[in-house]
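Colleague: Each chain, letter by letter, is given below.
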Amino acid sequence: MESVLFWSATSGYAAATVASVLWVGFRRDGAERAARGLALLGLVAHAASLALRWEATGHGPYATRYEVISADVFLLVAVWLGAGLLARPLRGLAPIVLPVAFLGMGWALTGYGTRYTLPIIFRSYWLYLHIGFAKLFAATLLLSAACAAGYLLKAGDPRRLPSLPAAEQLDLYGHQLMLVSFLFLGVMIVAGSLWAAQGWGRYWGWDPIETSALVTWIVLGIILHFRVLHGWSGRRMAWLAFVGLAFGFATLFVVARVVPTIHSSYLVGG
Amino acid sequence: MNLVRVLRSPRLALAVLGFVAAWAGVGAWLPWAIPGGRPPPGWARSLGLDHPFASAPFLCAVALLFASLLACTWGKRARIVRVQRGDLPRAAVLLPARPGADAAAFLETRGFRRRGDLWVSRRAGLWGGWVLHLGLLALVAGVLVQQSLFDTGLFELTEGESVRLASSGALRWRQHGLLVRGGPPEVEATLHWFDPWASQEGYAPDRLSQLGVAATGAEPVTAFLDRSAGLRAGGLSFFHAIPTGFSVNVDVPGMGRRSVHLQAAGPRLAVAEVEDPAGRPARFVLSSERPLDDPLGTGAIRVELDEGGARRPLQRGAAFRFGDRDATLLSVARWGQYTYARAPGMAAVYAGFLLVLSGCLLLLVPAGVARRDGEGGSVRVFVSRGAAALLAEWERAPSGGGALPAPREVA
Ligand code: HEM
Chain H
2 MESVLFWSAT SGYAAATVAS VLWVGFRRDG AERAARGLAL LGLVAHAASL
52 ALRWEATGHG PYATRYEVIS ADVFLLVAVW LGAGLLARPL RGLAPIVLPV
102 AFLGMGWALT GYGTRYTLPI IFRSYWLYLH IGFAKLFAAT LLLSAACAAG
152 YLLKAGDPRR LPSLPAAEQL DLYGHQLMLV SFLFLGVMIV AGSLWAAQGW
202 GRYWGWDPIE TSALVTWIVL GIILHFRVLH GWSGRRMAWL AFVGLAFGFA
252 TLFVVARVVP TIHSSYLVGG
Chain W
2 MNLVRVLRSP RLALAVLGFV AAWAGVGAWL PWAIPGGRPP PGWARSLGLD
52 HPFASAPFLC AVALLFASLL ACTWGKRARI VRVQRGDLPR AAVLLPARPG
102 ADAAAFLETR GFRRRGDLWV SRRAGLWGGW VLHLGLLALV AGVLVQQSLF
152 DTGLFELTEG ESVRLASSGA LRWRQHGLLV RGGPPEVEAT LHWFDPWASQ
202 EGYAPDRLSQ LGVAATGAEP VTAFLDRSAG LRAGGLSFFH AIPTGFSVNV
252 DVPGMGRRSV HLQAAGPRLA VAEVEDPAGR PARFVLSSER PLDDPLGTGA
302 IRVELDEGGA RRPLQRGAAF RFGDRDATLL SVARWGQYTY ARAPGMAAVY
352 AGFLLVLSGC LLLLVPAGVA RRDGEGGSVR VFVSRGAAAL LAEWERAPSG
402 GGALPAPREV A
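As they're listed, the protein sequences go chains H and W. Numbered according to the numbering used here, the first sequence spans residues 2 to 271. Numbered according to the numbering used here, the second sequence spans residues 2 to 412.
Hints are computed from structural coordinates only; laboratory data are not their basis. Some hints here could point you the wrong way.
[As the list claims (entries may be wrong)] Label-pair restraints from in silico Cβ distances:
hint: 1; chain 1: H; residue 1: 157; chain 2: W; residue 2: 57; range: 44 to 52 Å
hint: 2; chain 1: W; residue 1: 252; chain 2: H; residue 2: 126; range: 28 to 36 Å
hint: 3; chain 1: W; residue 1: 198; chain 2: H; residue 2: 129; range: 25 to 33 Å
hint: 4; chain 1: H; residue 1: 4; chain 2: W; residue 2: 116; range: 40 to 48 Å
hint: 5; chain 1: H; residue 1: 232; chain 2: W; residue 2: 45; range: 37 to 45 Å
hint: 6; chain 1: W; residue 1: 213; chain 2: H; residue 2: 113; range: 43 to 51 Å
Note that CB positions come from ideal geometry on N, CA and C, so glycine has one too.
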């Protein structure tokens, strides 16, 4: 049943991707509603598949790469749908967010695996904060970069892609989302450090993943400084948003594959 | 004064932040930082990259960052108060008067409210940056306190064994901050029970101990300890470390009960080099049928004493000649390792982080202050972010309504 629901979610995201492309290509408002509706259906199926797996394995979606990436995609779609309720123009990011969600589901499958027992260190409430905020960080950083991509598309010719908000608005949303992701990454780092203190008696050990997360946090701080203190905006900021995304992506998905770290077991393992 | 100006320079802040990020980024990837990696080459040693996060360049950069943060945060409060009173900074933008368009009504649709001569929107948001940087200062200060006053050490116990942490040779290692004076804490720890492969539902088999801790002048504490959480007792925290091994517990006349901790010398072999009661070198050798670390069990275990070139098997409960006395092998057991830690600066570190996160939350609140600019109906607006979008919206806003009304005094 869990895999039926997983595939239903994947199909929902695929169909939503098609609808969003139709919306952009043919400017049909009905397609926009269909894209969001299908994404929501996909999200509901996705939630059910994650819940069933949680029930079956006895732990949350953080023990294998399949679970980690599947839950990342879930939160990306949920955050985007939620952000669209708070700020309508962000619904226009559908043609960027939905294909990422669809591809993410495929990527999750490449790391399929099931684990019934976890390392004892996972028995901590900090884990939920740490992992939850890591996923929220990934989702908001990706949305910030999606705004940057939209900005670059719109800045050249404001008439292009009328489904997207105006360039200045995308620039502003990109900034706000980056601030949110900076906050979420901060919470993730603190929760991780408190978790390490609880289990190992050390708050900070300069483990490669810990250090990469700190470096990413500082890099986001630097980027935000360029905006606030040097008045950078527009194209330059859009490119910097991609730099921030690259650091975030490397921290979450690359470092553990390249150097041995305490996080390797679930970020790399299947 | 000049120094303060240099320290307040945004360029310096960016340069220092960039350096810290780059140094930490490099430090995270160094091949010799990986357990079992090759030793650092000479050039890395001379740059301090053999211990990147305790090296002079890194510590100097953190000190400079602290100074720069202090210089930036100092005086910032007064500037925010001035902005709140309508003394707008250079980043404020002008909404030029447009015939038939009402800038006040436009601002009000964007959350601004009239306050005296001004229009303001969610002023709390103006404080985000200040609170954030204050938090960063507290955080760095907390780290400094922590680094100066922390105290941690590792000890080893076998079932039934007790150790006074302050006694000589009790700790396998100890690290402490520069300002810590005196020896290890006056605490006695006793291991009542230990299973290196205890099963707890939903989790892989792992260490589980029952540890007793008695600090002078405090109630003794006995509790179970595993690797998911520490145990607080005697003003210290205790944690379970991973390493484990075998011990042979012997009774030596005149010396009492002793626990000899053996170290693995192969998958099925563990040894301990000791000095016998007569002062001669001796070795306890333990070999097992299956691997020593097999959670399913080791199978039969054989203990021998290697002394003066002769190796003799020992029997549990039986006497054996050990140097110049007849000792008894009481039992063969497992030892576990434990760390104690005292972390006095962490409260400030986390208070700092809490401030940083509160500052971030406040930064998310879009704040603004506006006032009339001259008599022509233009309005000067400072917004914490999105000035360009606001200007563009104003330019696109449909004409309508009257001219900007004169602000009213608010009691
Ligand atoms: C670890 C170090 C630092 C981090 C993580 C950091 C982070 C940030 C962030 C996230 C912002 C808000 C950006 C926005 O509104 O979008 C900011 C603003 C600012 N930062 Fe920093 N910063 C750091 C160090 C410094 C230093 C050393 C200075 C000194 C020059 C400085 C000066 C400022 C100023 C003046 C602002 C604007 C504040 C405001 O709008 O109230 N920062 N910083």
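Colleague: State for each hint whether it applies.
Modeller: So, going through the hints one by one against the coordinates:
no.: 1; hint: H:157 / W:57: 44 to 52 Å; in the structure: holds, 48 Å
no.: 2; hint: W:252 / H:126: 28 to 36 Å; in the structure: violated, 46 Å
no.: 3; hint: W:198 / H:129: 25 to 33 Å; in the structure: holds, 27 Å
no.: 4; hint: H:4 / W:116: 40 to 48 Å; in the structure: violated, 59 Å
no.: 5; hint: H:232 / W:45: 37 to 45 Å; in the structure: holds, 39 Å
no.: 6; hint: W:213 / H:113: 43 to 51 Å; in the structure: holds, 46 Å
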